[in-house]
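Chain by chain, the residues:
2 protein chains.
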Amino acid sequence: MSLPHAILTALLEKPSSGLELTRRFDRSIGYFWSATHQQIYRELGKLEADGLIRALPSQQPARGQKKSYDVLPAGRAELARWTSASQDPKPHRDTLLLRLRAAAVVGTAGLETDLRRHLELHERQLAEYREIEQRDFPPGRDGTEDRLRHLVLRAGIDLETFWTQWLRRALADFAELPDGEPV
Amino acid sequence: MSLPHAILTALLEKPSSGLELTRRFDRSIGYFWSATHQQIYRELGKLEADGLIRALPSQQPARGQKKSYDVLPAGRAELARWTSASQDPKPHRDTLLLRLRAAAVVGTAGLETDLRRHLELHERQLAEYREIEQRDFPPGRDGTEDRLRHLVLRAGIDLETFWTQWLRRALADFAELPDGEPV
DNA sequence: ACGGTTTATGCAACTAGTTGCACAAGGTGA
DNA sequence: TCACCTTGTGCAACTAGTTGCATAAACCGT
Chain A
526 MSLPHAILTA LLEKPSSGLE LTRRFDRSIG YFWSATHQQI YRELGKLEAD
576 GLIRALPSQQ PARGQKKSYD VLPAGRAELA RWTSASQDPK PHRDTLLLRL
626 RAAAVVGTAG LETDLRRHLE LHERQLAEYR EIEQRDFPPG RDGTEDRLRH
676 LVLRAGIDLE TFWTQWLRRA LADFAELPDG EPV
Chain B
526 MSLPHAILTA LLEKPSSGLE LTRRFDRSIG YFWSATHQQI YRELGKLEAD
576 GLIRALPSQQ PARGQKKSYD VLPAGRAELA RWTSASQDPK PHRDTLLLRL
626 RAAAVVGTAG LETDLRRHLE LHERQLAEYR EIEQRDFPPG RDGTEDRLRH
676 LVLRAGIDLE TFWTQWLRRA LADFAELPDG EPV
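Sequences listed follow chains A and B, in order.
In terms of our numbering, the first sequence opens at residue 526 and continues consecutively.
In terms of our numbering, the second sequence opens at residue 526 and continues consecutively.
All the pointers check out, no bait thrown in.
Any copy, or any two copies together, can satisfy a pair, since identical chains are not distinguished.
In silico SDA-like pairs for lysine to any residue, Cα to Cα no more than 25 Å straight-line:
no., residue 1, residue 2
1, K539, G632
2, K539, D575
3, K615, E545
4, K591, E568
5, K615, Q563
6, K571, S527
7, K539, H617
8, K571, D619
9, K539, A634
10, K615, R674
11, K615, E658
12, K615, A634
13, K591, S553
14, K615, E637
15, K615, A652
16, K539, D619
17, K539, E573
18, K615, T561
19, K615, I682
20, K615, L678
21, K615, S527
Derived by calculation from the structure, the hints in this document are not laboratory data.
Build out the structure end to end from the sequences listed, making use of the hints.
Written out as structure tokens, the structure is:
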């Protein structure tokens, strides 16, 4: 149940319309909490009904008409409550690791190509994170907000670093394997 | 749509009943693909109906009666197909990173305790993985199956290593922060 | 002034995963 | 022998997330 809180965070950073939120979820926030525009619109409706956010009364609210929201005090309070509440880490689900384990019983045929593709994707993502770091976090700035956001970005960088290294190792291992179907 | 394939993999490694599968999902497979017993029973039913697995005819199938399954050729074929098919990586969702980002706007109060708790959990998991590595992958063995499974375990080890390091860094950063509520 | 593209919002149906509970069989101690 | 606990299987309802499509306004070239 984190999508509403992701939206509250995004709206506190900057009041936005549904589409603007969608775009921002495709970039920064979506790096660790993705959401489609349908999820976002639905959730905006709920949050408004619950009195946590409100539509800015700029335009008459019609279809195809931009509608911006900002966070009400109750919304901020709820976000603060959620942030500080203890939460258990959710178990991971990783298809690629599962496939590798499956490959141990049904054979590695065809897997290598996809590993290579994943490696490229992770390399690209890593490069993007590094650009963001250079652009948004030049050395010297150290307000609390910057520190925390930088920390989050470092997690992204380190995770992608892990994946690229692991995939390279996996590919090196594959090269030594007798290929095809065991069993 | 990976749960059926996780189950097929587990059953190929060793034919099992629903409860045995559940236990194994709590240990090895569940480390990267968790599932509850209800999911597993439901999926076993579907897989049997689809002719990918069959119930071993050991006991009469009554309620509260152990029922074991093994994989039919069609099931193995489907798993091989799925393993080699190209798949896009699913976007991550990480609540902790989200909370850190939220903390940048509503304040870090209360978060530190939970970071510490997460650090402990990840340290424990890392220790468990290392034990498994020592027990199941002593140096020297290098069949294809072992190599692949070891690779998967290494991913787990490296991921937990990342998290423990990142959390330690986060806590160190927190120590320097003026605590409480900004804004 | 019209037809096509882009921007923006949204509904409905579906798939996957979770939670809460029910039920049966077998073992165990009082 | 009976109340209770554990093991094992399963249904039903719910929550979260995804996919496919509909609609309306605005902008843009001809």
